[in-house]
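For chain A, the structure is supplied; the task is to place chains B and C on it using the hints.
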Amino acid sequence: MTVRLMLTCLCDAFYGEVGVAAVKVLERSGCTVVFDRDQTCCGQPAFNAGDWDEARPVAQRTARLFGLDSDEGDPVVVPSASCAAMLRHGYAMLGVNIPARAYELCEFVVDVLKIPNWGGTVPPRRVGFHRSCHARMMGLRDQQEALLRSVSGVEVVEFASQDQCCGFGGAFSVTHGKVSEGIGLEKLRQLERAGVEQVVSGDVGCLMQMQGLASRNGVDLTFAHVAQVLAEAEGA
Amino acid sequence: MSGRFDKFVRGLDEDAVRSVRASTLRVFNARSSTLGEVFEDVDDARRAAASVKAYVLDNLKALLLQFEENCARNGVTVHWAEDAASANATILGICARVAPGGATVVKAKSMATEEIHLNKHLTEAGHTPIETDLGEFVVQIDGDTPSHIVAPIIHKDRRQIARSFEREGLGPYTEEPEELTMQARAHLREKFKSAEVGVSGVNFAVASTGRIVIVENEGNNRLCTTAPRVHIALMGIEKLLPDESDLALFLRLLAGSATGQRLTVYTHFITGPRRAEGDGPEEVHLVLLDNGRSRVLNGPYRDILRCIRCGACLNACPVYRRSTGHAYRHVYPGPVGAVLAPALEGVKKLGALAKASSLCGECKEVCPVDIPIPDMLLRLRSEDERNRENKWKWFAFGAQNPMFWRAGVRLMRMPRAWREFRNPPKRQNDFRRWWRGRP
Amino acid sequence: MGDREQIMKRLPDPKSGERPTPAVRVRTPLENLWQEFGERLHALGGRVRSLESLGQFRDNAVFDEDLPESVREVLGSPVTDVWEAAAGVTLGDLAVAETGSVLLAALPGRSRLNSLAPPTHVVLVRQADIVASLDEALARLSRQTSVLVTGPSRTADVEGVMVMGVHGPRSLWVVPIP
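Protein chains in written order, with the numbering used here: chain A, 1 to 236; chain B, 237 to 675; chain C, 676 to 853.
Treat the hints as calculated values from the structure; they're not laboratory data.
Just so we're clear, the structure is a prediction, and the values are computed from it rather than from any experiment.
Here a beta-carbon is modelled for each residue, glycine too, at the ideal position from N, C-alpha and C.
Just so you know, not all the hints are guaranteed correct.
To be verified - Residues from chain B shown here face chain C by an in silico Cβ test under 10 Å; the list is partial:
no.	residue
1	244
2	273
3	275
4	287
5	298
6	316
7	394
8	405
9	406
10	418
11	458
12	502
13	508
14	643
15	644
Chain A with its partners taken away, still in its complex shape (with noise of 0.2 Å):
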């Protein structure tokens, strides 16, 4: 099968490593992936910062370079469920209405691949996944953690708050810094308490906003895109 990849603007821009993570993902499950240069960002920044205007244009020209525009098509897949909700979601708020083809990275494997076991093995490492607001938000059940679950080598460790909001929110977490920082550091507690090791998350936002925190405050803490944990564990 062959998958058109949306990159995201963030692993566009710092996290290089989740975009190739993705395609190792998608390539070992079998398909063929397609990374058109043109792509930039689905418009979600200026979306929810409330510039619909400007975010407009963007959505339309992203679902066209997508083949969104189109009935018929490839499927677009993401790592990333903050970009596929808007996709799913916000653009039929703009008024950029697509068919239903694009796809988080492990709702695609798990779902659409039919691979619900992923496999492989990794270091031993104690593992707390934070499952994005979006990814909640769009009822993507429990792709991303039955992958990981299936990875051995990996404990996925219960901690309070799990569904807990990081404080990262895109624009808010510069435009209401103080209180970002508050909600994310109250996870991070959390996360030490229950004796994690690595913080394992489908979205690059969430991993920016706990990592930077982590590291500004001495929280001994790894991150890892979930792509990437299953990139290493070289299953399915």
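The following block gives chains B and C in isolation, referenced to the frame of chain A:
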């Protein structure tokens, strides 16, 4: 680039944050365990309640007329108040007639009365309003405002309350909750006995019977609406339910969502003034408050009018928990306030509240009437002209011109506001270069 | 134009359409209603008591006129000031097993404050007058002003610490009678 909201949070007392965190988490957890015990499917129950409230909003005109007719039949005098000024004038008029020298007015907790600043107007007109809900009583003697729509003093600890009580001469200094509560009880008892007027809000009003339903735990609401000669109830026009058969669902959802109880201690079903029973008010007045609600009903935020004022969204919100209610600077704080306040008073005035959110969606998940708050916050942001900043023009330009984008993305840095609290991410791998280099 | 007219003018015309009647499944007790009731009441801080326990309030209580003759004999003369009474004794119209509540209507011969002002409230409920669910109870709601009492008065306003009897009664006793 911190606005007023964030500035307030920076100046917050750590004690207040701790108090709010403990209370909101406690009720947040109690809510889900209780509702799970009561309902086989909590989401089913929320959707059902949402559909009833949507029906009410769709048929508000007819239901209000039906309600008014039934109230009249029950001996309740119905007044209509276009806005806060009109509501205050009406209530003051009744008080002046009942006690020309100035009425003692015992008040039960009511967010609607806070909304119209009733106490200020009563005092200015020579009446004596006395809050009788323990939390609101503390707010009143401190000259403070409530920070939560259900639990007004979650931002205060026992030491602060003890000092206030001592200052007011309510008894010997004590920090014990039981003793403080009993001091308030003794003090307020005398007021119930002597007050000419009792003022309350309304939790639910039943259109088909004209019944006013009020829920509470302390008993002060019942005392306010039973002991004085005159009872005045203030109600937002959206608070209707069609039939009494709707009450059970809503009473369970309200109690579970607000405090994690199966039901509140008292559920008061008020038909009208006393009849053949030995006591009860001689006059019951109902003031129907619009104050912007009908305008909201005709706009894109009408679904916020489903709100039954349970406060669950406040308890679930990580922003509220970290910021406390006063950061919102409005009678309605938290997620519901972030929509209701700008919807009622205009985006120009209060649009900033819609940005005090990480859009995490917890509010929507706990709302007993399934209000899509995050989408409404997004829409409010899109209506606020101040959000159309230059940087988004640059962003859109870059996002539509891939050459600029590819060049610019390599130079991207997190803004200073980011780096105030967090270390920036290090750009370690270039995806595009890796992709180009593949065979 | 008066307020009423102004508001009415702004309200949109009613939409035609079915009134939703959702069927929401609630966990209600199916049997042993009095036992369920007792457990719920107990968890709320209330108590199921016997008629004998009323003796301690002789000449020190207020009570509704529709109490059974035998009970009024035990209670002796009512206290004149409801605010001074040690207990208020009333007849309840229904007990609700689901929630441990009792329903009281303000009928002729009753006083609303009897169940509210004294520190102890005693409710007599006939054995047959119990229903399983809140829905059933509300279906039988009197047209008169009524109150559904679910445990003794309480508050948690001071640091979330529970304190009983803040304004309403601190003690709630339910006495089942034949």
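**Hinted contact residue 316/B with chain C - closest CB pair below 10 Å** = At about 4 Å, which falls below the 10 Å cut-off, the nearest Cβ of chain C leaves the hint on residue 316/B intact, so it holds.
**Asked** Once the shortest beta carbon distance from residue 406/B to chain C is found, is it less than 10 Å?
**Response** violated (13 Å)
**Residue hint residue 644/B, partner chain C, criterion CB-CB below 10 Å** = violated (49 Å)
**Prompt:** Taking the least C-beta to C-beta distance, is residue 287/B closer than 10 Å to chain C?
**Reply:** holds (4 Å)
**Prompt:** Does residue 458/B pass the interface check with chain C, least Cβ-Cβ distance below 10 Å?
**Reply:** holds (5 Å)
**Message:** Tell me if the interface restraint on residue 508/B is satisfied: Cβ within less than 10 Å of some Cβ in chain C.
**Reply:** holds (7 Å)
**Item:** Interface hint for residue 405/B, Cβ within 10 Å of any Cβ on chain C
**Value:** violated (19 Å)
**Request:** May I ask you to test the interface hint for residue 275/B with respect to chain C, counting a Cβ-Cβ separation under 10 Å as satisfied?
**Result:** Check passed: Cβ of residue 275/B comes within 6 Å of chain C, closer than 10 Å.
**Prompt:** Under the criterion of a CB-CB separation shorter than 10 Å, is residue 418/B in contact with chain C as hinted?
**Reply:** holds (8 Å)
**residue 298/B as an interface hint toward chain C, with CB separation required under 10 Å** = holds (4 Å)
**Request:** Return the status of the interface hint for residue 394/B: holds when the least beta-carbon distance to chain C is below 10 Å, violated otherwise.
**Result:** holds (5 Å)
**Prompt:** Regarding the hint that residue 502/B lies at the interface with chain C, is the smallest CB-CB distance below 10 Å?
**Reply:** holds (6 Å)
Hint check: violations occur at hints 1, 8, 9, 14, 15; the rest are consistent with the structure.
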